[in-house]
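Asker: Using the hints, put the two standalone chains together into the complex.
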Amino acid sequence: MSRRGFLRWSASVGTAAAGSGKLLAGLRKRRTPGGPAARLSPSAPGAAGAASRESLSVSAERMVRTGCPSHNCGGRCLLRVYVRDGVITRIEGDDRPGDIVADPQLRACIRGRAYRRRQYHPDRLTRPMKRTGKRGEGKFVPISWDEALDTIASEFRRIKAAHGNQAFYVPYGTGSYSQTNGRQTAERLMSLFGGSLGYYNSYSWACISAATPYVYGTAVTGNQRQDWLNSRYILMWSWNPAEMRDGTNTEFFLRKAREKGARLVCIDPRLTLSAAALADEWIPIRPGTDAAMMTAMAHVMITENLYDAEFVRTHCIGFDSGQMPTGAEGAESYREYVLGTRDGVAKTPAWAEAVTGVPGDTIARIAREYATTKPGVLYQGYGMQRRAYGEQVVRAGCVLAAITGNVGVPGGWASGIALQARDGGPFWLVFPTGANPVKAQIPSFLWTEAVLRGTEMGPDDGLRGAGRLDTNIKCIWAVACNALVNQHANINRTARILEDERLVEFLVVQDNFLTPTGRFADLLLPACTQFETWGVEDGWKYGDEVLLMPKIVDPPGEARSDYRIAADIADRLGLGEAYTQGRDERGWVEAALDRFRKTRFPGLPSLDEFERSNAGVYSVPVTKPEVAFADFRRDPEKHPLPTPSGKIEIFSKRLLDMNRPDEIPAVPKYIREWESPFGPEAAKYPLSVIGHHYLARVHSTLENVDWLNEAFPQRAFINPVDAEARKIRSGDPVRVFNDRGTTVLPCRVTPRIMPGVVAIPQGAWWTPDADGVDRRGSVNVLTSERWTPLAFGNAQHTIMVQVEKAEKD
Amino acid sequence: MVHQYAFFFDASACTGCKACQVACKDRNNLETGLLWRRVYEVAGGGWEKRGGVWVPSVVAYNISMACNHCEKPPCALSCPVNAIGKREDGLVFIETWRCIGCRYCEWACPYTAIRFDASTNTVSKCNFCFDAVDAGAPPACVAACPMRALDFGDLDALRKKYGDVNRIFPLPDPEEAGPGLVIKPHRDSAKAAAAEAEVANWEEL
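These protein sequence lines are chains L and U, in that order.
Going by the working numbering, the first sequence opens with residue 1, and the numbers climb by one from there.
Going by the working numbering, the second sequence opens with residue 1, and the numbers climb by one from there.
Heads up, some of the hints might be wrong.
[Stated by the list, open to error] Quick list of simulated restraints, FRET-style, between CB atoms:
#1 L:Arg-597 / U:Val-2: 52 to 62 Å
#2 L:Lys-134 / U:Gly-51: 52 to 62 Å
#3 U:Pro-172 / L:Gly-557: 31 to 41 Å
#4 U:Ser-57 / L:Pro-661: 38 to 48 Å
#5 L:Asp-470 / U:Val-55: 50 to 60 Å
#6 U:Ala-118 / L:Asp-150: 50 to 60 Å
#7 U:Val-55 / L:Phe-678: 18 to 28 Å
#8 L:Arg-729 / U:Pro-170: 19 to 29 Å
#9 L:Asp-361 / U:Phe-116: 44 to 54 Å
#10 U:Asp-173 / L:Lys-727: 33 to 43 Å
#11 U:Pro-172 / L:Lys-134: 57 to 67 Å
#12 L:Glu-137 / U:Ala-118: 30 to 40 Å
#13 L:Thr-132 / U:Arg-98: 53 to 63 Å
[Stated by the list, open to error] Just so you have them, the derived chain L footprint on chain U, three or more residues with Cβ under 8 Å:
#14 3-17
#15 26-34
#16 114-125
#17 134-147
In case anyone wonders, no lab produced these hints; they're calculated from the structure.
Positions of the beta carbon are idealized from the N, C-alpha and C atoms, including for glycine.
Chain U on its own, in the form it takes in the complex (with noise of 0.2 Å):
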């Protein structure tokens, strides 16, 4: 019986190829600018002259994320018309009927996993592609790694397999929203924050 679904993120493996991103976009029909699972591309650092030639401390590793499925959405909470809700497997999910595009949630939301559409006036987000995990069937990104670098299951069972690392920098503090999430970190993300190292890519995102 799972209790709360999570992804498992190896950050030490992610190349960044986004087939994980298309794959969803594939199997959820989502229109160019709706991304509902992302690649953050984390850069920083910079190059030193040291004699003659240019010397790199940079630093470079990537997180795909999608919606995490929090124990304690804050989307949920924020969301005034109840159109935000929790399954018993702690999928959480959006009666899209329900939404007036007051975009709460968006701004709750502490992974940016939650995504406007202008032309409906309504947000959306990754459904953890319920219908093929209710069916026995991995969702579709984690279907698609070709480095093997996601997985999902039950939160506990993904603890025990891969430990409990659920935040890496420069994600939030995931004490109040409780992530569905467990991360191998790559190891450049404990010199990211002394490399003032950040997000390089929102123009992707």
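This is chain L alone, in the form it adopts within the complex (with noise of 0.2 Å):
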């Protein structure tokens, strides 16, 4: 009190509580617009409250329930966005009444609730502008719709006519899924025009999409997410939900779960927003040594007798000698693994802990508590898995999950990638591309590749669809995409490759911003946000709703649609018919909206009666989720497989068959890292740095607001022993750096993360100054472009570095 000992308690609060009655009461009365909240589902069709309309009249606001702009985000969730003369005034999230489980609200994450301030940034794009300096200088000029668009088909047809269609490439970027924006609309006219090459598999899931498949022979193997509720232990592995979302309500399911009883662990490097908040223990792991534990994990159940022998017996081949597939009887089997019968290393926890740094009496009890706190989860998340040898960590945590006998059952899971409907998961984009007349298909990570040398590509190099290619990348056109530079790894020489124009010589880029890759544009296209245009989005991952996206305000300026860009385009081209077949982007969305109907929603309504409900989305109750391999495992010779054997293949035949044993083994092993802690480099460049998932962003969607940037500024976050070492205190600026590159950005010096690794929240702007050095704190200056051997996938998490006190500027 003595502080404030001056100030008597007394008549200020009566007083002025006298007069606040007057004061308040013509804001009490305020009608909300828009109509009550109400739930459009199976169980209440069309029972969706008040129409808008009638508001609109009796007030100037008007409220809009809509799906979130639909990023790479790894959630989809209704916002309530209200708008007043053209201009939203505010965002709220979901009201719909009912709460549960089954059906549960579907609450935007601090992005969503902060996109006002993407939609009004002072730096939108609102001209098409053509280039005027060196390729990559970003210097533009303003130009007409007509002059843009005049450039872009004559240039199409002369690429066309001196390359072929192969020199075409829309390329990797998930800046856009709600159907009308993003790069779906760019491959429709490719596919029109002749084709242009293709791509398979993404820098999120590249080892877990291909690896899964050698295991379960599919990559549907999760149980829809209620079920968490029925475990009874899960193991968060390299799995930080609260951050990266995966699926709007997956931490409100887990912490469910954690109320029902289950245990909760988490394995990560860092002490994660979910690790502090969802689990019960957080255990720290070296980055890149996840196969390590989780073998040392398996050795523990053989030789403590933990693992279900049963259900190996009659459920998985190659776990040990006595099960090997045809044709492989003498290859060494998994147990042969783990025990180092023939390589002479026992994989035991002693020996996983000077991998890991995990104290290996901590290994050995979450080996037991997996193996006997049933049933259980061993959830993997995709970070792990984003590095040098991805593919044997996601294959390793599918063994485990397989020799426990967590597959199959409620409360179980079978690790892997985890998609959940029967159909293969969401749809995620439904505007239909056509078919693409190049059937030759690049892994998406391998467009720098296909740029440089892509007639000498063949298989080697992960070439589906031809043998080799007929001509490198000459053209590329970039939609919703800055994947292309900022996301890519190793920018520095990505910006050197674009930089030549005798390699890519026409690069269109269409964004709502000058992002990094906007800055090596020929021509910079600006497109509308997805508040401005007709969308239509499905649940992230696990699908169990549609969100409408209505056209809510105008663009500004003269940004248009990707839809209407490509259309526009497609008219020069003498397409327009084809590509529009009439219809506008309401049109599309109807269009998609009878995809979903005739699949997985069939009590979807009409575009008409979606829209005047104003319920903004259509869910499906989740009351008894689906078990992944429920048939199997009851009866696995009637429900065999999709995998060679018919069974769960820890060992398999088709990987041995590639004869790569040191980098593609048989059995999923752990393989030290081509930049590591153990190798020579580490001499020089003694620390791992891994570029998290950042709540300030979705990639590198949203770098620019400022109420993000204001709650989580970027920054990297070094542990205090690392610091120390290195005179380092909180908020000084650090020079982090290898031979690819240098990026200067503040520090936070934090426990929550363990000595030997630095975090750098990747998805940060490419800042470079006069010398080439980021400002910005751009992780993937650092990240090298190799890429995995099984999957051809990024590793853009294997890097090593060293870190210095910077001079403040």
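Answerer: Right under this line is the structure:
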């Protein structure tokens, strides 16, 4: 009381309170426009409350329920967007009554809640522009749409005549999934124009999507999430849904599972937001060594007889030498690898301790807990598979799930990529891109190879659909794509490649902002946001709902939807009719709803009804969660897996036959990474960097939103042990570097990361100074373009660096 | 009849995602630098080398906090121009037009809820989204929480539902102000003092 004792507790409170009534009276009765909330679902079709149009007449403010702008965020949420005089005035969340586990509210995260600051950002692109300086300098002048579209049409024709259709490339980029905004609109035009070089795989899930089917024959390995409430033990391995979401409400379901008594353990180099709030225990692990810990857990289970021997016998192959597939009888079984029968190295917890940095007794305890607290979940996050031998950790986790008998049972979890719907998960994109006449496909991560030496690429570089390419990539049309420069590995290398106008001859970039990718554009086109055109989205990965995205406000300046831009180009190429089929954006949303209705959402209302209801979302309550492999579990003979053996392939003869045992072993193994604390490179670059997902962004989208930067500023996270050794204090700018590049950014010294590891949140926009040093903390100046052996995937978290204190600017 | 509105905060479930903070900013049009609801990251403890490996004894949790609309609000008590009042339902409000920018209230508030805006030379703070609450809707922060870690209601009712804890490390002694606050502690909060934990994210606040 002392410091404020001079003020008396007295009349001031009472006086003000008496006056407050009048002040507040005028604000008390405020009408909520847009009608009350109600659920639109199979049990209550069309029961979605008062229509919005009536309220339009009585109030200048209207409210539209809409799907949150559809980026690659890990969520699909419901927003209530308030509009007055054509301007969005505020954004609120899902207000549907009955927030239950079977059909919970779809509450948006900080990114969606901050969206107004992106929508009305002063840097929005509003006019087409053409490059004036050298490519990559970022100098542009505004031009008319006519000039832009004519230039594109003539360049497309020229390049097609000179190089053929394999020279065109619409790159991987995940800026928009609303159907009428996003790269798919360009792909459709390319299909009509004779085709473009295709790609497969992603920067998110390369190894997990490629490796999971080698074990289970399918990517549909997940139970529906509500089933976690039946689990007694959940290992969150490299899994951080609180920051990357991984499905709206995933963190909420985990909370519910914990409340029901499940024990949750989080294994991660960082004490993540998830580890702090969702888990009972955090186990830090050295990046890139997760497969070693998994292998040692198998060692404990085998030597202590804790594995499910009966399930292994009836449902798996390759566990021991008694159950090897035909033609591989003499090969090393999983048991032999774990026990070290052939290589002389028993993969004990003590062995793994030296590799992983996790105490051996902790490894043994977690092995016992997971093997005996059933049913249990070993959920594999994606960060640990974006690494040098990311395929191994995927398969090693699947094997633990299999040998503990957690496959095909409620409360269990088969691991792997864990798509859930029987048809392979959500649709993400249903906008029809048409059949691409060019059959050749490259792995998405190898596009720079196809620019530099496409004609030399073959199956060894993951090329599919053709023996060789006829041409290198000559034309890139990047739509909602900052992956080309900012999210691809080794930005300095990518920049050098794109700067050379003899390689890529024509580069069009379409976006809301001048991104680091946009800096390299020959033509830069202003795209509208998802609030400015019609769209529709379904649930992220888990897909139990469809969210409508009506056009809410007009785009600024001359910005257009990606669909409209592609349609306008199509017109110039004489393909207008074929491209649009007479539809506008809303018309394609109608077609998309039709697709949803004919497949997973038979009760979906018509677009008119959906719009009129202002419900925003159609959800399917999950009252009886699906359990993957339940049939196979019950009767493996009658319901075999789609693997060559019909069983869970702990040993894969397909992988054996690739004859690359050091990098693609037939049983999952720990393989030391090509950059690691254990190699000679560690003398120069002793610290591992991981580029985790950050709440301030969706990859690189939302990078420039002030409210998000205020909440989660960009910085490097470093342990006090490593900081003290370098005389670094919290808040100091640090220089993080290796042979590929340097970035300078502030640091946060925190015990929430293990010694030897630095975290730089991925997605910050590359901002080189005059010396080529990035000043924003863009982790991809440090990453390597080297790809993983089996999936041809990105290994962007396998990085070694040095860190030193930088001078303050 | 509500006598004293209050917030419930579940520290055991809060991830620190700050959806509450930004929902508040959007609803109240708060420029960058102005935070009516804030999320304090509490972190501490350290690492010890045992054998060849580093072993952590780290504590980490979050405290999401706006204005606690105290029963005996020190801010109101400190205001020389009677600009801070309390409604019959307990909500503490600022009549900005009276504010002279002396910042005594900011100094007096034990929860750093009062925020000074140099551009207008006035203070402001969480108003409990009183217009929404009066209309029967929850405050923006409560409705926003993806973890459902926030609730609101009459203080007595919240205490019946969630218990009567209103202080976890490092919050100040609640005795004097009587905050409208009920907390479910995080498992680490009992260990935080011994671990010499502190608010780790002042640069975000």
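Asker: If a hint holds in the structure, say so; if it does not, say that too.
Answerer: Hints versus structure:
| no. | hint | verdict |
| --- | --- | --- |
| 1 | L:Arg-597 / U:Val-2: 52 to 62 Å | 46 Å, violated |
| 2 | L:Lys-134 / U:Gly-51: 52 to 62 Å | 56 Å, holds |
| 3 | U:Pro-172 / L:Gly-557: 31 to 41 Å | 51 Å, violated |
| 4 | U:Ser-57 / L:Pro-661: 38 to 48 Å | 42 Å, holds |
| 5 | L:Asp-470 / U:Val-55: 50 to 60 Å | 58 Å, holds |
| 6 | U:Ala-118 / L:Asp-150: 50 to 60 Å | 52 Å, holds |
| 7 | U:Val-55 / L:Phe-678: 18 to 28 Å | 20 Å, holds |
| 8 | L:Arg-729 / U:Pro-170: 19 to 29 Å | 21 Å, holds |
| 9 | L:Asp-361 / U:Phe-116: 44 to 54 Å | 52 Å, holds |
| 10 | U:Asp-173 / L:Lys-727: 33 to 43 Å | 38 Å, holds |
| 11 | U:Pro-172 / L:Lys-134: 57 to 67 Å | 59 Å, holds |
| 12 | L:Glu-137 / U:Ala-118: 30 to 40 Å | 39 Å, holds |
| 13 | L:Thr-132 / U:Arg-98: 53 to 63 Å | 55 Å, holds |
| 14 | 3-17 | holds (count 6) |
| 15 | 26-34 | holds (count 5) |
| 16 | 114-125 | violated (count 0) |
| 17 | 134-147 | holds (count 9) |
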